[in-house]
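Make the full structure from the sequences, and use the hints.
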Amino acid sequence: MTAIVDMRNIVKVYPNGVVANDGVNFTVEQGEIHALVGENGAGKSTLMKVLYGLEHRTSGEILVKEKPVNFRLPDDAIRTGVGMVHQNFMLVPSFTVAQNIVLGHEPTHRSLLDSHEAARVTQELAEKYGLRIDANAVTDSVNVGMRQRVEILKTLYRGAEILILDEPTAVLTPQETKELFLAVRALVKQGKTVIFITHKLREVKEISDRVTVMRNGRVMGTLPTSKATREGLARMMVGRDVLLTVDKPPTKRGQPVLRIDDLSYISETGRLALKGVKFNVYAGEILGVAGVEGNGQTELVEVLTGLRPATTGTAEIESKNVLRKEPRHVRLAGVAHIPEDRLTNGLALTASIDENLIVDRYFRPPFHKRMAIDYKEVLKQGEDLIEEYDIRTPNGKLPVSSLSGGNMQKVIVAREFSSRPALLIAAQPTRGIDVGATEFVRQQLVRLRTDGTAVLLVSADLAEVMSLSDRIIVMYEGQITGVFPDAASLPEEELGLYMLGLKRQDPAEMEAFL
Amino acid sequence: MNKLLSSTFFRELLRVVVAVLIALGIGFIITLLVSDQPIEAYKAFLFGPLTKINRFGDWIEESITLTFLGLSVAIVFKANQFSLGQEGQMVLGALVSGSIALFVPLPAYLRIPLAIMAAMVVGFLWGWLPGYLKAHLNANEIVSTLMLNAIALLFYEWLLTYYIKPPTAGYTSSATFPAEGTLPTFFPALPFLADLRTLFMNQTNISIALYLVVIAVMVVYFLMFRTPFGYELRMVGANSKFARYGGIDVKKTIVLAFAVSGIFAGLAGSHLAMGIHHKLILNITYALGFEGIVVSLLASNNPLAVPFAALAYGYLRAGANIMERSSDMSREMVLVIQGIIILLVTAEKLMPMVQKRISSRKPGVRTGGDKTDDESVSGTTLAEGGD
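Protein sequences, first through last, are from chains A and B. Numbering of the first sequence is given in our numbering, commencing with residue 1 and proceeding in unit increments. Numbering of the second sequence is given in our numbering, commencing with residue 1 and proceeding in unit increments.
Since the hints were made in silico from the structure, they are not lab data. Glycine included, each C-beta is placed from N, C-alpha and C at the ideal position. The reader is advised that the hints may include incorrect statements.
[Unchecked claim] Dumping the calculated PhoX-like pairs for lysine-lysine here, alpha-carbon to alpha-carbon at most 20 Å:
1) A:K189 x A:K65
2) A:K325 x B:K252
3) A:K325 x B:K52
4) A:K189 x A:K178
5) A:K227 x A:K248
6) A:K200 x A:K128
7) A:K252 x A:K227
8) A:K200 x A:K189
9) A:K325 x B:K279
[Stated by the list, open to error] Listed next, the stretches of chain B that the computed footprint assigns to chain A, with coverage defined by at least 3 CB atoms under 8 Å from CB atoms of chain A:
10) 219-229
11) 238-245
Rendered as structure tokens:
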């Protein structure tokens, strides 16, 4: 085996003095799938940006195919055969799939774009690598999994031999992830080399040949995946032992906190997203909502939290109606909400951490005194919550944008948990955050439930739903198609059949357990 | 924390100063090309406002107007709303305060506060309107405020021409306001400074608006950074989806941002009428309305920086006037120089570029691959997780 990429003693110091890579040695062999893991902020993305020419190293050497290289721009990297697929897709939404793939290197016919040729070339490329796409579909209308395949094909079309995939599974459903892994294996069979950035240890075990772990800008080690254990990798990433399974003390189910009946919602586009949904959430339990994403979970959460108006039905928190009310009203009724998209809804990135922590309470004592906001209290609460929820920051006056993804999520968790809710609605609470932060968020969720809060957990991560929930409901095409009162004894395959719509329970049969 | 504050403050200041210096340099080159006596002309531009007391007065008076307008813009911009309605709010402020100054027979200590309050109220209302249209009917605020400006300006002209102008007057203007309707001089009546006071009174129109503007700056700062309304305003501006998710009434906040912004443009109008001109004239705003945007941008929408930005920009405008009058430079060339300054100051990319240059020259941080030992880089760790 020969090293196709050899990075030696890479140091990257950002202009603000942050040392993102501190003497990193990283080697990738021809034809392997090499996982690069580490917590958010460990320096793995920076390392790959340096390799791809997006960032310039402060010192060190890079050899690609045994020749020293010095990429000034990604274009240089692509010419040498290094391609990167970013976490956030960079596609033109109004173009067809084929147009996006050939963008920048279009086949022409008498100096005009040859659409037929573009579609043909694209389809051929897709078949060659086993990446299923519809070349003539408009990019905007295809699902996330296909968009990602388009990104990969775009890179291949430009002649990439070494593919860097930056957290490719963060946006995918379990099914799409499986499909991606098949495609990645096919790529390697055809002689490509893949660098796979992730922080999901399960995926490392499943897909990679070798794995390199980074922490604090340094490489902690590189080892064959066959010799790595999830626990061992987690310890290398975090620097201490990590509990991968949540310790869940038994709980006593109390009174129903949230009662939903006959809830329906028609979206702005006229789609019936929720159909006659009915269930209760009880004090002291975690009710998990399982389902393939896009089956109404997002709408359910947003209707319950006041972000969208329900079309019909009722939802009561301790017998107060919360449907078709403003978010302020819903929050005052005792609902806390961890939103699925933390950057859009959960945070104001340019505002300070302290100010992000008061959005639901700035108008109430002790923060509101006479005409003004008492910033001494704001500061004090900020210090307390930063300490209690282990938010890694020098102080609370810094903007949230200065935090890593995991710490941003901790800001949201700190705010929502400290509001002492009767009902917590947590949507994708650990999506895209690292092992350490995931462990923390899950422990806090269980703690809150054991203290008597009702928790509604929506997650695309099936393992998360199964390990955290006391009771599980399955959503399929906007309906509840199954309820499982004892989550612990449920086989994953059984749940999968309900999620795919292959099985459903009789409504009368479900009634007793909702 | 203090260090951080001062350093960001310093960076902002440096940004503005560098931009102004570059622009002045380019301006001088232009002057060299255009003028027959470039040194004289540029001297008039650079030092003119300080050479005579009346010129000094003009500078300060205009800076007061610019400060009110800058505050007005800073408020709406902070909410990420692009209201361009200051011109209309200002002219209506001038109209109502001027009318009260002229026609309401009250003693000065009642008439002046009443006129000022009325200007604030009309500014509030003329701001509320586009705010409501934006928040509830999703009407583009740029279009609606520009249209409302036109309505306000023409309404002003119509009233002035057909009702306020005395029939005997030879040109379109109201009668001069009585003393009960003009803002008194800012200069305190101290016996031992009586001569200086007379000088200022005769040569300038710097009025008690100077104190009003200082109060206004502090009020806006307090409002923006210490009150629940200011918090809502800033959160809506930072991320309106987050504000809504957190329970803030986004629509109400937007409407109020427009309306409160209008108060200060209305104040600018009363300052024009009762402080500077002492009558209502055609083109009383002299298209100053849009200059508030420049001031607010220069100040990065920070109310405490607004008066300084206004003084700097006001100085530029005053110098430009003097250069135009006392040399062969045309006003248009002066406007070119102003344009260059605005362009440079608002070019957000400039400062990071300068910073990059500075940091790449710093010793200790190496570029390229000249050394390979990693021991020599130490001391700094990752921002997160380092401890």
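We went through each hint and held it up to the structure:
1. A:K189 x A:K65: 19 Å, holds
2. A:K325 x B:K252: 16 Å, holds
3. A:K325 x B:K52: 63 Å, violated
4. A:K189 x A:K178: 17 Å, holds
5. A:K227 x A:K248: Since the Cα atoms of A:K227 and A:K248 sit roughly 30 Å apart, the hinted pair is violated (cutoff 20 Å).
6. A:K200 x A:K128: It is violated: about 29 Å lies between the C-alpha atoms, which goes past 20 Å.
7. A:K252 x A:K227: 42 Å, violated
8. A:K200 x A:K189: At roughly 24 Å apart (the allowed maximum being 20 Å), A:K189 and A:K200 break the hint.
9. A:K325 x B:K279: 52 Å, violated
10. 219-229: It holds, with 4 qualifying residues against the three required.
11. 238-245: holds (count 7)
Violated hints, in rising order: 3, 5, 6, 7, 8, 9; the structure is consistent with all others.
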